[in-house]
Amino acid sequence: MKKKAACYIRVSTDEQTELSPSSQLEALKEYADAHGYIIPKEYVFKDEGISGRTTQKRPGFNRMIAAAKTVPKPFEAVLLWKFSRFARNRTDAIVYKNLLRNELGIDVISISENLGEDRGTALILESMFEAMDEYYSINLSTEVRRSMKLKAEKGQPLSAAPFGYRTVDKQLVIDSKKAETVKYIFNAFENGEGTRKIAAFLGDCGVRTNRGCVPDNRFVSYILKNPVYCGYTRWCENGRVDYAQKFPDNMTGIIIAKGTHEPIISEEQFKRVQTAMKEAQKHHRKHQSPKGVNDWLFKGMITCDSCGSTLVKLSSKEQTLQCNSYNRGTCGVSHYLSVQKASKAIIEQLERVFKELDFIVICNTVDQAEKENSAVLQRAIDSEKAKLKRVREAFEAGIDSLEEFRENKKRILSNIDKFENELQKCETAVLTENGKADSGTKTVDLFTLLCDERTENGAKNLALRSIIRQVIFYKPQNELRVLLYL
1 MKKKAACYIR
11 VSTDEQTELS
21 PSSQLEALKE
31 YADAHGYIIP
41 KEYVFKDEGI
51 SGRTTQKRPG
61 FNRMIAAAKT
71 VPKPFEAVLL
81 WKFSRFARNR
91 TDAIVYKNLL
101 RNELGIDVIS
111 ISENLGEDRG
121 TALILESMFE
131 AMDEYYSINL
141 STEVRRSMKL
151 KAEKGQPLSA
161 APFGYRTVDK
171 QLVIDSKKAE
181 TVKYIFNAFE
191 NGEGTRKIAA
201 FLGDCGVRTN
211 RGCVPDNRFV
221 SYILKNPVYC
231 GYTRWCENGR
241 VDYAQKFPDN
251 MTGIIIAKGT
261 HEPIISEEQF
271 KRVQTAMKEA
281 QKHHRKHQSP
291 KGVNDWLFKG
301 MITCDSCGST
311 LVKLSSKEQT
321 LQCNSYNRGT
331 CGVSHYLSVQ
341 KASKAIIEQL
351 ERVFKELDFI
361 VICNTVDQAE
371 KENSAVLQRA
381 IDSEKAKLKR
391 VREAFEAGID
401 SLEEFRENKK
411 RILSNIDKFE
421 NELQKCETAV
431 LTENGKADSG
441 TKTVDLFTLL
451 CDERTENGAK
461 NLALRSIIRQ
471 VIFYKPQNEL
481 RVLLYL
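Taking the working numbering, the leading residue of the sequence shown gets 1, the next gets one more, and so forth.
Among the hints, erroneous ones may be present.
[Stated by the list, open to error] Pairs of lysine-lysine residues, derived as DSSO-like cross-links and limited to a Cα-Cα distance of at most 30 Å, are as follows: (1) Lys178 x Lys197; (2) Lys82 x Lys178; (3) Lys409 x Lys46; (4) Lys409 x Lys387; (5) Lys41 x Lys170; (6) Lys170 x Lys197; (7) Lys299 x Lys177; (8) Lys177 x Lys197; (9) Lys82 x Lys4; (10) Lys387 x Lys344; (11) Lys475 x Lys313; (12) Lys299 x Lys475; (13) Lys313 x Lys299; (14) Lys278 x Lys183; (15) Lys197 x Lys183; (16) Lys29 x Lys82; (17) Lys3 x Lys29; (18) Lys197 x Lys271; (19) Lys460 x Lys475; (20) Lys73 x Lys41; (21) Lys178 x Lys341; (22) Lys41 x Lys69; (23) Lys183 x Lys258; (24) Lys344 x Lys258; (25) Lys299 x Lys258; (26) Lys299 x Lys418; (27) Lys178 x Lys69; (28) Lys258 x Lys271.
[Stated by the list, open to error] Simulated DEER-style distance windows between Cβ atoms: (29) Thr455 x Leu413: 27 to 33 Å; (30) Cys307 x Glu351: 27 to 33 Å; (31) Glu393 x Gln477: 32 to 38 Å; (32) Cys236 x Asp107: 39 to 45 Å.
Keep in mind that the hints were calculated from the coordinates and are not lab data. Computed from a predicted model, the values in this text were never measured in an experiment. Just so you know, even glycine gets a beta-carbon here, dropped at the ideal spot from N, CA and C.
Generate the whole structure from the sequences, applying the supplied hints.
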C-alpha cells in the first residue's frame with residue numbers, strides 16, 4: 001500500500017533558473033510514483049512569487065505545517081524539488097525540519113539533491129545546502145539593494161506611482177486630473193488652509209486616494225512633504241522613509257535626487273510649504289501627557305453628534321477639546337469646546353438630576369481578603385499578557401502558524417477580559433438607585449467624591465463612568481446632553 005505524502009512548491013519572482021510550479025509538481029509526482037508515495041490533491045501546498053527568507057508571509061507553507069500537526073498523522077513525508085524551496089533561512093530550516101522529522105515523524109525529502117544512504121554524510125550535505133541557500137538569499141538582497149541605490153541616485157522611480165502620477169514604461173507620467181488636486185493642496189496650504197480642512201473639502205468633492213479611501217489629514221500631509229511633486233525622487237536605504245524629515249535638509253540615510261519625471265509644482269513653492277509646515281508644528285505639537293494618565297474628570301465620555309467620535313484634548317497645555325475624527329480630517333464639523341466649560345455644564349446637570357432622584361455612590365471598603373484577591377487577579381492578568389507576548393513572538397519567528405496564533409490570541413484576550421472584569425468588581429461597586437449599602441461598604445455623596453482632592457481623577461472618572469453612559473455635544477445647539485444608566 002502506498003504511503004501518503006505532501007508536496008511543497010515555492011517560486012520566487014527573483015529567480016529565473018527554477019522550475020515553474022507545474023513543472024515542480026510533475027517532477028514531484030514522478031518521484032512519488034517511483035518511491036511508493038501518493039500525493040493527495042489536498043496536500044499540494046504552493047507559494048508563488050514569495051521569498052523564502054522568512055515563513056511569516058508564506059500562507060501555503062504555514063498551512064502545510066498546520067496540517068502536519070493534526071492527529072492522526074496525515075502524511076509520511078514532505079516532498080520538495082530542492083531544499084531551497086523549503087527555506088532560505090537556516091534558522092527556519094532547522095526549526096521546521098526538526099518539528100517535522102523529530103516531533104511529528106514526517107520526513108523532508110529533496111527529490112533533486114541526493115544525500116546518499118549514510119545519515120552522517122546526509123546531515124553534513126544538507127547543512128551545506130542550507131548554508132549555500134542562505135548565502136544566495138543574502139547576496140541577492142545585497143545586489144538588489146545596490147541596484148536600487150544606483151537607480152535612486154539617477155532619480156529613477158523605485159515604487160508605485162504616487163497620487164498625481166501614473167507609471168508608463170517604468171517612468172512617472174503626470175495624471176492630469178489628479179495633478180490638479182495636488183496643485184490645489186499646495187496652493188490652499190499656502191493660503192492658510194489647514195490639512196484637516198483641505199482633506200474635508202477634497203472628501204466633499206468626491207476625491208479618493210489611490211486606494212479608494214476618503215482623504216484625511218495624513219494624506220494631505222504626505223503630499224505636502226513629498227519632493228516628487230517638485231521633480232525629485234526620494235528613497236530610504238533602510239526601506240522606510242521618515243516623513244518627519246524636511247526637504248532638503250537633515251535627510252540622513254535618505255537619497256534625494258533630481259528625477260527624470262515632470263514636476264507638478266515648482267521647487268520654490270515646495271520649499272515655501274516646508275518652511276510653513278515647520279512653523280506650524282511649533283504651535284501644534286503632539287499630545288505629551290503620559291499614556292494612561294486621566295488628567296480630567298470626563299475624559300473619553302464626550303462624543304461628537306455628527307460622527308460619534310470621542311472629543312479629545314488638543315494638547316496637554318491647551319484645555320480645549322475637538323472631535324478626534326475632525327482632527328484626522330474625516331469629520332466635516334468642528335466641535336471645539338473648552339474643558340472648563342464642558343466640566344461645569346456636565347456637573348451642573350448631574351447636580352440637578354441627583355437632587356431629584358437622590359443618587360448615591362457606593363465605595364467598597366476593601367478588607368485584607370479582598371486586597372489579596374485583587375493582587376491574585378492582577379498577577380493573573382500580568383501572566384496572560386506575558387503569554388500574549390510569547391505567542392506573538394512565536395508567530396513572528398514562524399514557529400506557530402497564523403491559525404494557531406489567532407486561536408491562542410483569542411483565548412488569552414478572553415482570559416484577560418474575564419480577569420479584568422473580576423478585578424473591577426473587587427475594586428469598585430456603584431449603586432445607582434436609592435437603598436441601603438451592603439455590609440462592609442460606606443455611602444458617599446457623588447459630589448463629596450468629586451471634590452475630594454485626595455481622590456485621583458482616574459478613580460473619579462471610573463465612578464462617573466458607572467452612572468454616565470454618554471455625553472453628546474450637539475454643536476448646532478451648543479448643548480451637552482448627559483445620558484445616564486437607568
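30 Å limit on alpha-carbon distance, applied to hinted pair Lys82 and Lys4: Roughly 19 Å separates the two Cα atoms, so the pair holds.
Restraint check for Lys183 with Lys258, where alpha carbons must lie at most 30 Å apart: Roughly 20 Å separates the two Cα atoms, so the pair holds.
Hint consistency between Lys475 and Lys313 [alpha-carbon to alpha-carbon, up to 30 Å]: holds (17 Å)
Pair hint outcome, Lys170 versus Lys197 [Cα-Cα no greater than 30 Å]: violated (35 Å)
Proposed proximity, Lys178 with Lys82 (alpha carbon, max 30 Å): violated (48 Å)
Straight-line alpha-carbon gap Lys409 to Lys46, limit 30 Å: holds (26 Å)
30 Å limit on alpha-carbon distance, applied to hinted pair Lys178 and Lys69: It is violated: about 51 Å lies between the C-alpha atoms, which goes past 30 Å.
Range agreement (Cβ of Gln477 with Cβ of Glu393, hint 32 to 38 Å): Hint violated: Cβ distance 52 Å, outside 32 to 38 Å.
Proposed proximity, Lys344 with Lys387 (alpha carbon, max 30 Å): violated (44 Å)
Pair hint Lys299 and Lys177, alpha-carbon separation not exceeding 30 Å: The hint is violated at about 43 Å.
Thr455 versus Leu413 beta-carbon gap, inside 27 to 33 Å or not: Given about 31 Å between the Cβ atoms, the range holds.
Holds or violated: Lys409 to Lys387, with C-alpha atoms at most 30 Å apart: holds (9 Å)
In this structure, the earlier hints numbered 2, 5, 6, 7, 10, 21, 24, 25, 27 and 31 are contradicted, and the remaining ones agree with it.
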